[in-house]
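*Asks:* Going left to right, the sequence shown walks through residues 1 to 289 as the UniProt record's numbering numbers them.
Computed cross-link-like contacts, PhoX-like style, restricted to lysine-lysine with a CA-CA straight-line distance of at most 20 Å:
| hint | residue 1 | residue 2 |
| --- | --- | --- |
| 1 | Lys-62 | Lys-177 |
| 2 | Lys-208 | Lys-218 |
| 3 | Lys-139 | Lys-152 |
| 4 | Lys-139 | Lys-25 |
Hints listed in this document are in silico derivations from the structure and should not be mistaken for laboratory results.
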Amino acid sequence: MTLCRTPPIRVVTDSAARLPLDWAKAHDVIVLPHYVVLNGQTYREDLDLSDTDLAQQAIRSKSPFAVRAPRIEDFDRVYAALADKRAEVISIHVSSALSETVQNALKAREAYRGRCTIHIVDSRSMALGLNELTRAAVKLAEAGEAGEAIVKHLRGLMQQIYGIFISDDMDYLEHSKRLRPAQAILGAMLGVIPCLSMEDGDLVAVEKVRTAERAIEKVLEFVTEFDDRAQLAVLQLSPQPNDRTRALIEALQTHFTRMKEIPVKSCGATVGHIIGPHGIGVMVYEGKV
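With the sequences and hints as input, model every part of the structure.
*Replies:* Listed below in structure tokens is the structure:
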């Protein structure tokens, strides 16, 4: 009697998830890097350029860096290898509002119709959000859940991810089209700090304040809407805390009292090319697998 074996499920994501590479390797997660274009050079995120190096070079650079999505041929190489192993694929990626990653994955998948089941999931998220969704997909796959069930569960978790960012890096906000040129010039002249909210997978400028203290107050107003049992992290381009980071953490700890330490994580290039090397934010995740 021949037993029909369920195809193994493999998870594919991209470097916007900010997964530690050793964790990804331990769980057989394939992480496709974004490409960072900085000072005329192109680097693979995390492989050729660390978070710290990117932040330091961005501060010194005279112009904003750019980010390019993993290419169609990058996806094709990964999907071909997984198709040869007869794997079912959960390919979950940074929000399509921020990157062409999902679009490139969809194009690459066309060559494997009938050969391999590939679920393309637009996370409508980034950084901490995509990180948690990817970990959830891995946990469910390792527990033996079916691919369709995993995708359905992920779509539910997406509704429980929130974020707010503040940035006075006007060149980056203009370059990423979050501000019009006239707005960026006026903002720099007046010393305003735009607040960006995560809305439907995008970062949208929703308000402008005049001082760093008021900007931190806006972040606090945002996080106090959540139960202190939610997961939370402070995000910036560099993983190393600075004075603004420490001030924000001190203020956050007055609400999230159960957290002995509020983590500071790199937001990665995909968010960093919007908020710049001096931007900072908070993401909150209320989901549970």
